[in-house]
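Please build the complex by placing chain B on the supplied structure of chain A, with the hints as guidance.
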Amino acid sequence: MIKQKLTCEQAQIRIMGLIDKELSSDQEMELMNHLKTCPVCQKKYEAFVGLKNEAKAMKLKKLPEIYWDDYWDQVYNRMERGIGWILFSIGLILLFMYGSYEVLHDFFMNPAKPLLLKIGVGIFSGGLVVLFVSVLREKLMVRGVDQYRSVKR
Amino acid sequence: MATDQEIVIACRTGDKEIYRELVERYKVRAYYAALMYAKNRDDALDLSQEAFYRAYKALDSFDTDKNFYTWFYRILKNVCINFVTRKKTHNQISADREEMPELVSGDANPEEIFESNEQAKILWQAINQLKEKDREIIILKEFQEMSYQEIAEALDIPQGSVMSRLFYARKRLLKEVEHLND
Numbered sequence: 001m002i003k004q005k006l007t008c009e010q011a012q013i014r015i016m017g018l019i020d021k022e023l024s025s026d027q028e029m030e031l032m033n034h035l036k037t038c039p040v041c042q043k044k045y046e047a048f049v050g051l052k053n054e055a056k057a058m059k060l061k062k063l064p065e066i067y068w069d070d071y072w073d074q075v076y077n078r079m080e081r082g083i084g085w086i087l088f089s090i091g092l093i094l095l096f097m098y099g100s101y102e103v104l105h106d107f108f109m110n111p112a113k114p115l116l117l118k119i120g121v122g123i124f125s126g127g128l129v130v131l132f133v134s135v136l137r138e139k140l141m142v143r144g145v146d147q148y149r150s151v152k153r
Numbered sequence: 154m155a156t157d158q159e160i161v162i163a164c165r166t167g168d169k170e171i172y173r174e175l176v177e178r179y180k181v182r183a184y185y186a187a188l189m190y191a192k193n194r195d196d197a198l199d200l201s202q203e204a205f206y207r208a209y210k211a212l213d214s215f216d217t218d219k220n221f222y223t224w225f226y227r228i229l230k231n232v233c234i235n236f237v238t239r240k241k242t243h244n245q246i247s248a249d250r251e252e253m254p255e256l257v258s259g260d261a262n263p264e265e266i267f268e269s270n271e272q273a274k275i276l277w278q279a280i281n282q283l284k285e286k287d288r289e290i291i292i293l294k295e296f297q298e299m300s301y302q303e304i305a306e307a308l309d310i311p312q313g314s315v316m317s318r319l320f321y322a323r324k325r326l327l328k329e330v331e332h333l334n335d
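Note that the protein sequences, when read in sequence, are chains A and B.
Sequence positions in the first sequence follow my numbering and run 1 to 153.
Sequence positions in the second sequence follow my numbering and run 154 to 335.
Excised from the complex, chain B in its bound form:
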């Protein structure tokens, strides 16, 4: 089986079909990563596909000594953040026009993401109360199952900082969970 790096090198020679192997390898992870931002199935599918397309266009800038998925994740994250920002602006404009409060909450629909479970609902709610920096690192660790080295590459931070960032994020998460359980 070809490695990610071998596939990227083949893609650079113009072989589009071989890119399919990379897409098949990472589509599920990419979908779930997008779902954490988009919070609904259709948008998550669309955003992850868009990210694969943009990654294909940018393959020349990929350093083949690095991990493909962490590089791809950064593209995916940008695509998702742009989407969320546009959606917020759009909802704001609609709400202003119709003089109605914003109806769609950012952390709606945990049922679309997780199997139904009361504790999962609370934890997901608590995760969404966190600041984006904390929320992201927890998602990378718990739901993307990245190693510390992968997290460091994905967030572009020193590997030594991952443990302490996770500590403070989890500490705040514990507090939120306790607060919601009270």
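Chain A on its own, in the form it takes in the complex:
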């Protein structure tokens, strides 16, 4: 089978493999042959090598050792808290269901309690729940993006 010559676009794509050391020796040789005869691709090659070297020269700032000391502890705490939150939530849901049943049964279904009181308590409880959820939601949202949360007050 006759091997087709590389087009300039194919060669330029393959330059990536060359500078990232991802080409097989055959692919590399084929590309080098193209570069020898094509000044346009040769120029591109030099530009990409320059870019690669500039990126290599960018030194990521090292984090002071003190930050790594409790890194694992922070991850571990989250792992433990995760299980804690699941158990806490299940317990809370069960308690809430029992409490709601009791209140419904002993208070709202009790004909001896005045209707106005029932309506008042119902509205008051509903308002409390809405306020609680709203404040909780806001706190959680702000906490997620608060840049100063690690600052001790």
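For the record, the hints were derived by calculation from the structure and aren't laboratory data.
Don't take each hint at face value.
[Stated by the list, open to error] Below, computed lysine-lysine pairings styled on DSBU-like, alpha-carbon distance capped at 35 Å:
(1) K52/A to K36/A
(2) K219/B to K62/A
(3) K219/B to K139/A
(4) K52/A to K219/B
(5) K61/A to K43/A
(6) K274/B to K52/A
(7) K324/B to K62/A
(8) K240/B to K44/A
(9) K52/A to K169/B
(10) K21/A to K43/A
(11) K210/B to K44/A
(12) K230/B to K59/A
(13) K240/B to K59/A
(14) K56/A to K286/B
(15) K219/B to K43/A
(16) K52/A to K240/B
(17) K324/B to K5/A
All values derive from a computational prediction rather than experimental measurement.
Below, chain B alone, put in the same frame as chain A:
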């Protein structure tokens, strides 16, 4: 030394302590990957720790024939994107409330990420001008030092596409650098 896959299998039996080895192995890479999104030290630490916690919870879904870090990277990326989106919304709401323009630019503080160097500043600025797709693949290659196979796994694209995606991303980056140098 245990391989990543052996550690994951041990973790699945409930051994939490052994997960520490994986965290120690990848914490620096994870931190720098998060830093590329969060662009400040404290958030990057927090996000990378959150990602390790979420990865631990999801270990059952990890395919032990695959590379751990590329799988973990996908979780980390989701955590970071959610954070950036929430932060943008929050800043937008604050700006609307206070009738002030957004003060924090998305690509602020190159000094927090790189050692001070004028050319690094320009290159970082140029990288941040790119579309997210281009920016990400360049970061994976140049700063996460992933191989093409790892990039393909991390981005869930065929390995054959990595070279061409890198080519177009670098071509656009060159253009941005030239533009900034003019």
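Taking the hints in turn, this is what the structure says about them:
1. K52/A to K36/A: 21 Å, holds
2. K219/B to K62/A: 29 Å, holds
3. K219/B to K139/A: 39 Å, violated
4. K52/A to K219/B: 28 Å, holds
5. K61/A to K43/A: This hinted pair holds, its Cα atoms lying about 32 Å apart.
6. K274/B to K52/A: 15 Å, holds
7. K324/B to K62/A: Holds: K324/B and K62/A sit about 29 Å apart, inside 35 Å.
8. K240/B to K44/A: Violated - the C-alpha atoms of K44/A and K240/B are around 39 Å apart, more than 35 Å.
9. K52/A to K169/B: 40 Å, violated
10. K21/A to K43/A: 19 Å, holds
11. K210/B to K44/A: 46 Å, violated
12. K230/B to K59/A: Roughly 22 Å separates the two Cα atoms, so the pair holds.
13. K240/B to K59/A: Status holds; Cα separation ~27 Å.
14. K56/A to K286/B: Given pair K56/A, K286/B holds - Cα atoms ~21 Å apart, limit 35 Å.
15. K219/B to K43/A: 38 Å, violated
16. K52/A to K240/B: 32 Å, holds
17. K324/B to K5/A: 23 Å, holds
Checked against the numbered hints above, the structure violates hints 3, 8, 9, 11, 15; every other hint is satisfied.
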